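**Student:** Take the given structure of chain H and dock chains R, L and F to it, following the hints.
There are 4 protein chains.
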Amino acid sequence: MTNELRIAVLGVGMMGADHVARISSKIAGARVAVVNDYFTEKAEELAASIPGARVVNDPIDAIADPEVDAVLLATPGPTHEKQLLACLEYGKPVMCEKPLTTDVETSLAVVKAEAELGKKLIQVGFMRRFDNEYADLKALIDSGDIGRPLVVHCAHRNPAVPPHFDSAMIVKDSLVHEVDVTRFLLDEEITTVQIITPSANTNAPAGLKDPQIAIFTTETGRHVDAEVFVTTGVAYEVRTEVVAEGGSAMIGLDVGLVRKSAPGTWGGTITPSFKERFGQAYDTEIQRWVDAVRSGAETGNYVDGPGAWDGYAAAAVCEAGVKSLESGAPVAVDMVPRSSIPGA
Amino acid sequence: MTNELRIAVLGVGMMGADHVARISSKIAGARVAVVNDYFTEKAEELAASIPGARVVNDPIDAIADPEVDAVLLATPGPTHEKQLLACLEYGKPVMCEKPLTTDVETSLAVVKAEAELGKKLIQVGFMRRFDNEYADLKALIDSGDIGRPLVVHCAHRNPAVPPHFDSAMIVKDSLVHEVDVTRFLLDEEITTVQIITPSANTNAPAGLKDPQIAIFTTETGRHVDAEVFVTTGVAYEVRTEVVAEGGSAMIGLDVGLVRKSAPGTWGGTITPSFKERFGQAYDTEIQRWVDAVRSGAETGNYVDGPGAWDGYAAAAVCEAGVKSLESGAPVAVDMVPRSSIPGA
Amino acid sequence: MTNELRIAVLGVGMMGADHVARISSKIAGARVAVVNDYFTEKAEELAASIPGARVVNDPIDAIADPEVDAVLLATPGPTHEKQLLACLEYGKPVMCEKPLTTDVETSLAVVKAEAELGKKLIQVGFMRRFDNEYADLKALIDSGDIGRPLVVHCAHRNPAVPPHFDSAMIVKDSLVHEVDVTRFLLDEEITTVQIITPSANTNAPAGLKDPQIAIFTTETGRHVDAEVFVTTGVAYEVRTEVVAEGGSAMIGLDVGLVRKSAPGTWGGTITPSFKERFGQAYDTEIQRWVDAVRSGAETGNYVDGPGAWDGYAAAAVCEAGVKSLESGAPVAVDMVPRSSIPGA
Amino acid sequence: MTNELRIAVLGVGMMGADHVARISSKIAGARVAVVNDYFTEKAEELAASIPGARVVNDPIDAIADPEVDAVLLATPGPTHEKQLLACLEYGKPVMCEKPLTTDVETSLAVVKAEAELGKKLIQVGFMRRFDNEYADLKALIDSGDIGRPLVVHCAHRNPAVPPHFDSAMIVKDSLVHEVDVTRFLLDEEITTVQIITPSANTNAPAGLKDPQIAIFTTETGRHVDAEVFVTTGVAYEVRTEVVAEGGSAMIGLDVGLVRKSAPGTWGGTITPSFKERFGQAYDTEIQRWVDAVRSGAETGNYVDGPGAWDGYAAAAVCEAGVKSLESGAPVAVDMVPRSSIPGA
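Residue numbers (this note's numbering), protein chains in the order written: chain H, 1 to 344; chain R, 1 to 344; chain L, 1 to 344; chain F, 1 to 344.
With the rest of the complex left out, here is chain H (with noise of 0.2 Å):
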């Protein structure tokens, strides 16, 4: 497919909507073409933000829509099972945001009709596998180094909760990544849970059981631990350990994955080159050139950025310095006034 891929977003809450803005300004390849929600003015006033959106009220005939190439399922879990049915039904490719569905029935009904269709369409939201920092550790398993994991450590942490957030939910959507991760990192399945409810946070509402910890084994009997802690009050922190046979490594202290191994060591990998160490900056800079030059045809304003002047500037000072590299005495840099130049 060489054209843009169109997609229906369905469900523009919070999270529906960073999909919509990720899509519109970061995404190559695709565009928002159909917009869904429940409320119907939500999704008129987003859709009339997007170039070439436009809503269609009913998701399922969002799904079926000819100009629709794949979906992005943001609605709320219990509309899942319906929803990724239609899918199925009509071959679109849909991007599901967690949970697949609410209980395991459904979600073993929506599993048997992928299966029977003989057609891999539904990815879930299980956006940690993404992550730079995962895929680190994930790649660092794979590859043999550390040997085999015996033991995971996790910490998933939040400063706070919306006020209905109850004890199951920290289990179902908070945990819910932790169990995403074990499997991820471990490619089994786990076969036994545990939660622990110490004494709770006095600042919790009451009622809610937290912290939790959750303990889990897997088919091998290897051993997860994971505190799940929703209103710490301080920031977002989420860390994994992995412990195994021939060291172990750690992410989520905000320095890259550190690894000690034998004989006696940590540490970490410096970045190889300026493309890694810049990629951002780079992806950054031509994204924010885009913007710029794409609103400028109205504003007369094409530039987001270091312009001529800098560019002159940084030649003035550099043959300063080939000088001062031939003389070893300081330089003095040769420039004209900025403001002799109107409009410079």
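Check each hint, because a few of them may be wrong.
Where chains are identical, the list cannot tell them apart; a pair therefore holds if satisfied intra-copy or between any two copies.
In silico SDA-like pairs for lysine to any residue, Cα to Cα no more than 25 Å straight-line [as the list claims (entries may be wrong)]:
hint : residue 1 : residue 2
1    : K26       : D136
2    : K323      : A135
3    : K26       : V68
4    : K323      : V68
5    : K275      : A28
6    : K26       : D291
7    : K209      : P159
8    : K119      : S199
9    : K82       : D65
10   : K275      : E105
11   : K26       : R294
12   : K26       : M15
13   : K275      : A139
14   : K275      : N132
15   : K209      : R294
16   : K119      : D291
17   : K119      : D187
18   : K323      : T191
19   : K138      : A344
The hints are simulated quantities; they were obtained by calculation from the structure and are not laboratory data. Remember, predicted model here, so these are calculated numbers, not experimental data.
**Tutor:** Showing chains R, L and F alone in chain H's frame:
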């Protein structure tokens, strides 16, 4: 402008080819419409891999092309002056890789030509201004929280350079980034430059004065020193520390911005929410899903990430978790075997 | 007491011999007066190397010796009960390496005997309480600045253990430190213990259940988990994180205590003055100078560090520096050649 | 020499008084025998607090005293020359706080006098050579593992200085440490010095040129730069980075020595065993126990740390742990209440 920006990329060596890939795979709202290079074959080969791109053999023709909205200049420095002036002539916004031009006089001529036009069309590729860490450092300075900067220390290290790299190129190609960083962070011009050449690295090519130490003085008498060392054999390292009247801050230690402030504390800011922590993950998730779906039209594989089975497994574990939350005891996870569902 | 404390060291295996060296070379106000060991030759050899030390063959005689002010017990655990009771009988303060005794009943008997005496004479060698990082962590908790601790995570890793080390010793010899750390930090007793034995390290000796995960619950329902892993092959690592109602703090990351607190900051405290930063350097400087002077009475070498020449060289450089401070220009350092002064 | 070294401390201002306390409470094998100060009362007061110390009013008499084995000189710099020469005359080893003397000529005279004596008696108080981090850095350089050092970057920051501190003292009192560090690390003399005075800190006292940047060149042409900034208002920071032909290493980041080496790795060494990790804890434990026992002769309190109850509690928890190790289930800890044993 609601349509995609049609960009002509001039010069498709390492940097230019990188930008072509970037625009095609990561940048929203733009596409490579024209490819140009002195080596026609290289341009042909690259254009063939980019849907909708074509080759224009003459760079000035490419700039003038009515189907081109903007120009990305990645040609050799000596051709920049002529090509930039053509962009001004045809009113095309241009993103020009450093240097603006190869000497001060022609740089000044370009500044003047743009100033006379009365419209800013030229941006120079000093990408560090768009790096998150430099942006954080600039924002910290501008906030006034650490007071007026007095001293800046920079280190800029490369593992190796190409054979033709000479001592003056250390100034013009490497140090030039510290020149722009200094001007960006301190918001004033550099007035004197001194280059110190210590005892050279014996692993450097014969005759290359490496490392070099640059000392800059700025308009208000602030001090900047920069070590540029391009044959370290280690890795790519860029570090900048700003020492101000009310504290100091450093970037490039692989831990984000680290700030030291009165009364005797060091530290940084924890990611406030999952949006900041996993923003990159969400972007990558959606981009890779879009790419998978687009290519899936041909291959039938629409999924690049966790699928329905993963959603089902998570639901089963969470259900066991909620039961354990009630009982406190370990609960076995109840799942059908994956092999019982052919195609799952 | 203004005189030196005369200590009897009982048991001079690895720990005991270490303590003998420590008391003789680092501890002010004390000396090893008596050495005792089941292997008389080992005691004789060690005593011969310590000025003023003599051997007493029977441990009870050593305790009773009127020229002994205090006892350091580093004998095997099974002998502790009898020796501790002797210390109580003779009124000798005793520093007892862990364990107090080898079972609960005899430990309780020792507690009761000391309580009946009405005088505290026994200290147990839980040395972590004296570690600067643990002391900082305890002080932070006691300050109330991070609120009430809810959860504690510990990791305790050794590269290897001796051949006779069995699964129960992981609890009694290794985990025992986390037991004391928990009681020390939380100031309450542990009420339940659970030991989880995940899939074992295949590099561990056959039959050794390693790693082990311990779960403690304390009197007020706080949760502590501790990974003990004694065959990592990597190095020695001890880490403790306290998660409290108002923030969290971790030690053992090789960066001192790192604290995370509202509103979203992480960091530590910078050394306030040279006294803290270089306190260890001053101590070492003076101890090594004292040692050099004491041994110099025989060897004629009284200096272990920078000498007069280094003081002269510093003076010469600083004089040049002061001249440059006035002129701003580089100033040559004026020094006579060292070879011009024979013997300098 | 098997007896304690009897030290005369001359000058008991801040540094001298610190050394008196250090020798009395932390240094094995030495004691303060004589105290001398220009202000007799200060000397009397201090001597009264140190068992076995007495005052000698004339500094030369103190040096000559036959009951004095060695001298610690912490008097003002201008008196050093005369006192050092007296030490040489009477053959007394002397530890001299910096500076050796206050100018180059008298420093050279002292060097010559000692050389003529044919016996090294003088040590200068450049304590950084004894700092663990600097010692690690020196050892790394000497090992050859990072190759030949080419460039050294230093930062030396104080929060504040006393009112009389002037611009030249920044060189002579602060920068002098970087002078010695340079000579220590590179093992060669400094040949030229340049002091750069950027725009001064507006929070510094009027007229104080602070910060200052020093540039040193050494005999083989290596480059050292040092920022000295004595009115930061923040805290005490000392940092040194050595950039060598095969890698670089930095100390002073509060994380020990961090090394970057080919092929692109950063990191440090993990503590190999509990001896290194808890060496300080053992030292402190024993010193505080000795201190407690010594003072306990008067107060009856012989214990400064975990007591018999803590040993009993640990035994009870470990016994429960061993039971849980067998069953895998949580086991209640069986302990008598502490209150059931009066006096425990």
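**Student:** Run every hint past the structure and note whether it holds.
**Tutor:** So, going through the hints one by one against the coordinates:
In the homo-oligomer, the alpha carbons of K26 and D136 lie at most 25 Å apart both inside one protomer (23 Å) and across protomers (21 Å), since each shortest distance falls under that limit. For the identical chains of this complex, K323 and A135 are neighbours neither inside a copy (47 Å) nor across copies (31 Å), given an alpha-carbon limit of 25 Å. In this assembly of identical chains, the alpha carbons of K26 and V68 lie at most 25 Å apart whether taken from the same copy (20 Å) or from different copies (22 Å). In this assembly of identical chains, K323 and V68 lie within 25 Å of each other by CA distance neither inside one copy nor across copies; the values are 62 Å within and 41 Å between.
In this homomeric assembly, K275 and A28 come within 25 Å of each other (Cα to Cα) both inside a single copy, at 20 Å, and across copies, at 20 Å. For the homomeric pair K26 and D291, the shortest alpha-carbon distances inside one copy (10 Å) and between copies (13 Å) are both at most 25 Å. Taking CA atoms no more than 25 Å apart as the test, K209 paired with P159 passes inside one copy only; the shortest distance there is 15 Å, against 38 Å between copies. Neither within a single protomer nor between protomers do K119 and S199 lie at most 25 Å apart by alpha-carbon distance, with minima of 48 Å and 37 Å respectively.
In the homo-oligomer, the alpha carbons of K82 and D65 lie at most 25 Å apart inside one protomer (16 Å), although the nearest pairing across protomers, at 51 Å, exceeds that limit. Proximity of K275 to E105 under the C-alpha cut-off of 25 Å is found in neither arrangement, the shortest distances being 47 Å within a copy and 31 Å between copies. For a Cα distance limit of 25 Å, the shortest separation of K26 from R294 qualifies both inside one copy, at 14 Å, and across copies, at 16 Å. Taking the closest pair of Cα atoms, K26 and M15 come within 25 Å of each other both inside a single copy (16 Å) and across two copies (21 Å).
With identical chains, the CA atoms of K275 and A139 are at most 25 Å apart both within one copy (20 Å) and between copies (24 Å). Both within a single protomer and between protomers do K275 and N132 lie at most 25 Å apart by alpha-carbon distance, with minima of 15 Å and 15 Å respectively. Proximity of K209 to R294 under the C-alpha cut-off of 25 Å is found in neither arrangement, the shortest distances being 51 Å within a copy and 45 Å between copies. For a Cα distance limit of 25 Å, the shortest separation of K119 from D291 across copies, 17 Å, qualifies, whereas the shortest one inside one copy, 38 Å, does not.
In this assembly of identical chains, K119 and D187 lie within 25 Å of each other by CA distance solely inside one copy; the values are 22 Å within and 57 Å between copies. In this assembly of identical chains, the alpha carbons of K323 and T191 lie at most 25 Å apart only when taken from different copies (14 Å versus 71 Å within one copy). Taking the closest pair of Cα atoms, K138 and A344 come within 25 Å of each other only across two copies (23 Å); inside a single copy the shortest separation is 51 Å, beyond that limit.
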